[in-house]
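Engineer: For chain A, the structure is supplied; the task is to place chain B on it using the hints.
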Amino acid sequence: MSLSHIKTVDELKHYLYLAIQLEHATIPPYLTALYSIVPGTNSDVSHIIRVVVVEEMLHLTLAANLLNSIGGSPNLKGRGFVPKFPTPLPDGETDFTVSLQKFSKEAVDTFCKIERPDTAGEGGSRHKKKTAEGTHLTPVPHDDSLSFYSIGEFYEEIRHGFAQLHSELGDRLFCGDAKRQCTSEFYYSGGGELFAVTDLKSAEAAIELICEQGEGLGGRIYDDEGEISHYYRFDQIRQGRYYQAGDTPHEPTGPKFEVDWGAVYPIKTNAQLEDLKGSDELHGAAVAFNQLYQSFLVQLTDAFNGDPALLLKAVPEMFRVRDGILQLMHNPIPGSDGVNAAPTFEIEGVD
Amino acid sequence: MIFPEGSTQRTSVKAACENSYDVVIVGSGVSGAIIAHQLAEAGKRVLILEAGPAEDATLSGYEAYLQRFYAATVKDNQAPYPTNRNAPMPRSPNVKKIPVGQTDASNYIVQKGPFATDSVYTRILGGTTMHWEAKTPRFLPEDFEMNSKFSQGEDWPLDYATLEPYYRKTEREFGVSGDVEEQRTLGLPFPDGYVYPMFKMPHSYLDQQVDEGLAGTQVTLDGETYDLKIRSFPQGRNGIPNPKYDGGKGYSPVGAVSTHQVDAGERCQGNNNCVPLCPVQAKYHAGRTLSKALQTGNVDILAQAVASKVHIDTDNGRVAKIEFKYYRDPNSTEFETATVSGQLFVLSANAIENARLMLASGLESTSGLVGKNLMDHAYLLSWGLMPQVCGTFRGTNVTGGIVDLRGGSFRKRQAAFAMDIHNDGWGWAVGSPFSDLNSLVDDGSQFGKGLRQSLIDRISKQLLLAFMVEVLPEESNRVTVDPNYTDPLGNLRPVVSYKIPDYTLKGVAYARGLSKLIFERLGAEDHTHYAPDDFGYVLYQGDGYNIRGGNHLAGTHIMGTSKDSSVVNSVQRSWDHDNLYLVGGGSMPSIGTANITPTIAALCFRSAEHMLAQLA
Chain A
1 MSLSHIKTVD ELKHYLYLAI QLEHATIPPY LTALYSIVPG TNSDVSHIIR VVVVEEMLHL
61 TLAANLLNSI GGSPNLKGRG FVPKFPTPLP DGETDFTVSL QKFSKEAVDT FCKIERPDTA
121 GEGGSRHKKK TAEGTHLTPV PHDDSLSFYS IGEFYEEIRH GFAQLHSELG DRLFCGDAKR
181 QCTSEFYYSG GGELFAVTDL KSAEAAIELI CEQGEGLGGR IYDDEGEISH YYRFDQIRQG
241 RYYQAGDTPH EPTGPKFEVD WGAVYPIKTN AQLEDLKGSD ELHGAAVAFN QLYQSFLVQL
301 TDAFNGDPAL LLKAVPEMFR VRDGILQLMH NPIPGSDGVN AAPTFEIEGV D
Chain B
352 MIFPEGSTQR TSVKAACENS YDVVIVGSGV SGAIIAHQLA EAGKRVLILE AGPAEDATLS
412 GYEAYLQRFY AATVKDNQAP YPTNRNAPMP RSPNVKKIPV GQTDASNYIV QKGPFATDSV
472 YTRILGGTTM HWEAKTPRFL PEDFEMNSKF SQGEDWPLDY ATLEPYYRKT EREFGVSGDV
532 EEQRTLGLPF PDGYVYPMFK MPHSYLDQQV DEGLAGTQVT LDGETYDLKI RSFPQGRNGI
592 PNPKYDGGKG YSPVGAVSTH QVDAGERCQG NNNCVPLCPV QAKYHAGRTL SKALQTGNVD
652 ILAQAVASKV HIDTDNGRVA KIEFKYYRDP NSTEFETATV SGQLFVLSAN AIENARLMLA
712 SGLESTSGLV GKNLMDHAYL LSWGLMPQVC GTFRGTNVTG GIVDLRGGSF RKRQAAFAMD
772 IHNDGWGWAV GSPFSDLNSL VDDGSQFGKG LRQSLIDRIS KQLLLAFMVE VLPEESNRVT
832 VDPNYTDPLG NLRPVVSYKI PDYTLKGVAY ARGLSKLIFE RLGAEDHTHY APDDFGYVLY
892 QGDGYNIRGG NHLAGTHIMG TSKDSSVVNS VQRSWDHDNL YLVGGGSMPS IGTANITPTI
952 AALCFRSAEH MLAQLA
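So the protein lines, in turn, are chains A and B. Numbered per the numbering used here, the first sequence spans residues 1 to 351. Numbered per the numbering used here, the second sequence spans residues 352 to 967.
Heads up, some of the hints might be wrong.
As the list claims (entries may be wrong) - Calculated cross-link-like contacts (lysine-lysine; reagent style DSS-like; alpha-carbon spacing at most 30 angstroms):
#1 A:Lys-313 to B:Lys-580
#2 B:Lys-850 to B:Lys-463
#3 A:Lys-13 to A:Lys-77
#4 B:Lys-660 to B:Lys-914
#5 A:Lys-84 to A:Lys-113
#6 A:Lys-313 to A:Lys-77
#7 A:Lys-201 to A:Lys-13
#8 B:Lys-800 to B:Lys-365
#9 B:Lys-463 to A:Lys-313
#10 A:Lys-277 to A:Lys-84
#11 B:Lys-850 to B:Lys-447
#12 A:Lys-7 to A:Lys-201
#13 A:Lys-313 to B:Lys-595
#14 B:Lys-426 to B:Lys-850
#15 B:Lys-660 to B:Lys-672
#16 B:Lys-463 to B:Lys-800
#17 A:Lys-179 to B:Lys-600
#18 B:Lys-600 to A:Lys-201
#19 B:Lys-595 to A:Lys-179
#20 A:Lys-256 to B:Lys-365
#21 A:Lys-313 to A:Lys-179
#22 B:Lys-867 to B:Lys-850
#23 B:Lys-595 to A:Lys-201
#24 B:Lys-500 to B:Lys-857
#25 A:Lys-77 to A:Lys-7
#26 B:Lys-850 to A:Lys-277
#27 B:Lys-448 to B:Lys-914
No lab work stands behind these hints, which were simulated from the structure alone.
One chain only, chain B, in its complex shape:
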């Protein structure tokens, strides 16, 4: 995929300010890229403001991320990405437990708690899709009707059937490898004959061992019985093209992005490094969509431009301009302030940054809901040692899991979840394989052949189950701003207050019970341990659990049917300011049990259609 050379330098602060654009987009992640591409293809003039630096995407630039990752002593999910004080990003190794009633302002995101989240997002060209895992499940139809069906949470102002064609657009854009027939068994409707662009990622040997060990296992919940089966997850990475895709036209995988023709990334090699960076670019990232947008010649990118205020024309309530702080050098906090304008304005900087920017501009909305209803999937990890070698650390981070409990009547009372089988051992839970090496050497005094064998005995048998539990919107879970907390450029930092709802904790507790059953059936040794001093420690009915953030931030500019009860409408347009769109996870009234990026993308494809109609 060719990234047009020089396209990140097409404009300057002066030129951008003087130009009149059809659309100004804040953020070059997947939402902004999709909207920019759709609008630019239709001949509209687009400006993207990106807080991070933006050099032309080249293979060597990408490899600089790889080199930084290899050299990092702590390989967290932001390890490849350079620190930039002017557009700071949250980083998970720094997260601390929040003492009751106190505020932790030691990191970019100020956390008031009580729950300390380690969720992050990446402020660079291409956004968080550079580091995402790239699972691409669709929401279930019932996820859009939580209130009507389960008297929990909120209904969406649109349904699965309305979004379905946009899911298909998304699956083409991302290049999804998956099996539609398997997804149908979950009750997901697809048009007859539809297949994903590429065949599903094959199950790992570990998946197969778990599947065999669990054969015939059933659980009963709320009077319904569920057969547990290992199914593959649809994923946005390159696999074997399905010749039946697109009415038999097939599909050509899109690989690495660079300013010259490169042939890399056309197929996943199983490097097991999806998060935080695919070494070969077999995984979709928004750079691909940005490239297409830039190829039209209608898109300007102004990088190192941190949006700081949305200005409203008080006469008509429309957005007049967006003010931003432009820093010439990432190593210096010197900046100049300028404003840009357009016909339409799109905030696509993610649920936390969108809310932060609105609140920093004094725009709480008529509903007062900007920043409120913050949601993020709660992850419960459970880990054990299989009785046999299972060949961990191969394939994508996750290939299979149990999704039978994603939906059901039990959701009237407790949260649903999707369960991943992690191919990368206990990494997420305890830091394997480095932690294993350290303990075998330091505590076990092992070396040489004995050490090698012990590593095999330990690491190759590791089974990590990750339960992604749904969270409902609660107004007290929110993003606010506070003049006491600013970043080096003087921008207000996001202040997060977050508590895991009981509905979710009930699901968490159930998930822990299920993991014990699974380990028992597999003959695996349960090594799960939840330390009370862990930053994510939560007590529920006398039992403690360590909860991890899902990096699936949502809800902070919730969509709905009226301006009193929501911030945006079903096409993500602000009720209060008719030339303003707030797009991304922030618009979602529920997060269900699906990684949210494909639904975000589907919503943005739909919004782009409406923007074009509005500009016509």
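Okay, chain A solo, but in the shape it has when bound:
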């Protein structure tokens, strides 16, 4: 049977920090795949990956709203917030790793795995022994050898935690300052609105949105608002075809589209600064990118800690992030026989 459930507000706050970290962790791999596509090709694929990134940002902002609602302080700029790639994620009994790699069938399969969590099932354990090295993104607090069975189970735990603590504390649970909540004036995304979390109902709605759209349990193609979930968005790429309302899973009947798997820059998988030491210019550009990304995380943190209007500045930073990534990817690493550079996302964080 299951082990420890969330028992205190501090534990819930920690889980929500992990949720923000988890939602953010998919952004570097998705962006790496997205921007590795040669410009002017694979328009449909680019739009699909791009909208998933935009929704991950929505999820991470909702997770920040959840944390703020119970009096927490989201921190995206600290040590260890950005994982070291390749990073393990749980997938049922075994873990799988997520790399920073170019757009490819392998990458898309990995993305589907991220977005399509397994359930532990009745009587199954929500926790299990880690089978991959490295710092896990869904660790079980108080036991370093364990990980959550899947991301879906992880969110189930958070949902349970809110319900449990609310039954004990009532509305006093939601003691956060409402002015810290980010709403849709400050961030826009295709699927789903950004809304304030101020009580149990809105907290449950936020968790539901993250799960239905993203990596949660449930597994429907479309949610109640008619938005297609991430797993099925990526599945469209594998199928070369769009879903439409009424389809059965894995049998999309919408318009077909072309995927040119070869129109991709030959970037180094999980590139590190070490790999770029041979070229001062490339190394310098990669270091500058990591600094830019760190300052983006600082901006987000400031926005989530009492200044939601800062999101209006942070979102355009994504264009600079794009430019920094493209700059690296379009340039070959000297002496590497045709392998191009890539952003390393080696973000140390500040204390």
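Structural biologist: Same frame as chain A, now just chain B:
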């Protein structure tokens, strides 16, 4: 916004001809789309004839327009749109000065002059809203009463108060970002508590610099004093939704149009490319309204069908059918001729094409006014170099301007105008930034770091003021047809005779004087130059000006109170043929100082109500 897959292929020439429709609409631009949607929603069967090709609107189809634009060496306002000899469109780079007394037949629109216009319109699915800038100001109440108030031009047979609810419908349809309180200060009435769907576009840094530099500036005209202030223009593009809109229900921005769910265009990114194409579809285009119309299942589109003749039943004066030329392949001029019929017929192909079609059908109307009273805003550009870097080429093409001189008693004597501050530098006037690069390299022999710095020094300080000056209706400004001028399908081409009225030129001259005052106050170097060999060169009281077309074509089927003095009534129904509506700018008796599309849309929402009543 979902464009139903296959909906442009729902019908064929044969099927369309055999079907009986409630309404046949010529033209899939904003007028035709709005009317099609309103009627289809009410269960009516609608056929739209579109001269251009029409594939299902998809994101990749839209991106094909973008790719063509990127690759174009001349980035004019039709650059994204492919050349189609069977449905030709005017293109501005080809416009030439017209030698006195001569006719220039070198382009699609035959121009007799004396003024050569570079105004264009776009004959594709969605029409000219694909390339429009999307400013959405309302007319002022006095614009509807030019004759009563100022003894100039004509009165409308309806007033602002009558049209006001339809402006609100339009602002919802377009998704307008704006500030109602700012508009109220111009004397525009709005219902209490009304807000636009989205907050106004923020002023650009350039707007702010101009506003600071002009603080306290006043001008006096005709005994009245005007404080000059920079205000934002309401615009039909996506901004931050206003939670107070619609009684607190708020507003969800509508983005890109495609056959599958796409999430793009929900907010303007400031790409500064509004004209000729928004890269992300944050800007409204009629494809959104067409999508909604097609979703009802009651609308058929027959594309590559160029309407060529309106046939009248001589017994009762009603329209019997519309004849069109259908071409199978845009690259071949082979065509077949066919006719379609319906209960009602709507011509919504724009002021020039509507008139062309009527005249080609021999339908001048009892008033004889079809094709006459052609109006178009006269643009006077004035450009200078600010003393400080102002960060040009960001944001929408225009975010702010001076609109204090849109109305006033001076209109008894001279034209009013609205003034834009252009965020895209001297582009419109001289071709910046390409022209700057060329001259710095070729004439200045610059390169490397020096070139980069010079570009910043030049381009980042560019200030272009665009004065949009009103034009009154004059019968001699007109569209006619002439059997000597036909297009490759044998359709008669529009022949335009146009002269800028003195009333307007007086306003133009005043505007030039004002621009000098503005540059002086800002400490800006005036670089304005009007070359006599420019196609738009006009002399007024010894001074020369280069005038540009506004692409706001109007007046050619003017509305009024009787069949002897007008072509259509206040709901745009033809006086002579009671099942025919001529809609769009052509119905307007004045163009004031507002971009005309929102008023066109408002009129069409109103006309649609009357069409439904007529069909009932």
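Engineer: Against this structure, judge whether each hint is valid.
Structural biologist: Taking the hints in turn, this is what the structure says about them:
1. A:Lys-313 to B:Lys-580: holds, 27 angstroms
2. B:Lys-850 to B:Lys-463: Given pair Lys-850 of chain B, Lys-463 of chain B holds - Cα atoms ~10 angstroms apart, limit 30 angstroms.
3. A:Lys-13 to A:Lys-77: Satisfied, since the Cα-Cα distance of roughly 17 angstroms is no more than 30 angstroms.
4. B:Lys-660 to B:Lys-914: holds, 22 angstroms
5. A:Lys-84 to A:Lys-113: holds, 19 angstroms
6. A:Lys-313 to A:Lys-77: Roughly 17 angstroms between the alpha carbons, so the hint for Lys-313 of chain A and Lys-77 of chain A holds.
7. A:Lys-201 to A:Lys-13: Given pair Lys-201 of chain A, Lys-13 of chain A holds - Cα atoms ~18 angstroms apart, limit 30 angstroms.
8. B:Lys-800 to B:Lys-365: Measuring from Cα to Cα gives roughly 64 angstroms; hence the hint is violated.
9. B:Lys-463 to A:Lys-313: Not satisfied, since the Cα-Cα distance of roughly 52 angstroms exceeds 30 angstroms.
10. A:Lys-277 to A:Lys-84: Satisfied, since the Cα-Cα distance of roughly 19 angstroms is no more than 30 angstroms.
11. B:Lys-850 to B:Lys-447: holds, 15 angstroms
12. A:Lys-7 to A:Lys-201: Roughly 20 angstroms separates the two Cα atoms, so the pair holds.
13. A:Lys-313 to B:Lys-595: OK: Lys-313 of chain A and Lys-595 of chain B at ~24 angstroms, within 30 angstroms.
14. B:Lys-426 to B:Lys-850: holds, 27 angstroms
15. B:Lys-660 to B:Lys-672: holds, 9 angstroms
16. B:Lys-463 to B:Lys-800: violated, 49 angstroms
17. A:Lys-179 to B:Lys-600: holds, 21 angstroms
18. B:Lys-600 to A:Lys-201: Given pair Lys-600 of chain B, Lys-201 of chain A holds - Cα atoms ~20 angstroms apart, limit 30 angstroms.
19. B:Lys-595 to A:Lys-179: Between Lys-595 of chain B and Lys-179 of chain A the Cα gap is close to 19 angstroms, so the pair holds against 30 angstroms.
20. A:Lys-256 to B:Lys-365: holds, 29 angstroms
21. A:Lys-313 to A:Lys-179: Judged against 30 angstroms, a Cα distance of about 18 angstroms means the pair holds.
22. B:Lys-867 to B:Lys-850: holds, 26 angstroms
23. B:Lys-595 to A:Lys-201: This hinted pair holds, its Cα atoms lying about 23 angstroms apart.
24. B:Lys-500 to B:Lys-857: holds, 19 angstroms
25. A:Lys-77 to A:Lys-7: With a Cα-Cα distance of about 27 angstroms, the restraint between Lys-77 of chain A and Lys-7 of chain A holds, given a limit of 30 angstroms.
26. B:Lys-850 to A:Lys-277: Violated, at roughly 69 angstroms.
27. B:Lys-448 to B:Lys-914: violated, 37 angstroms
Against the hints set out earlier in the document, violations occur for numbers 8, 9, 16, 26, 27.
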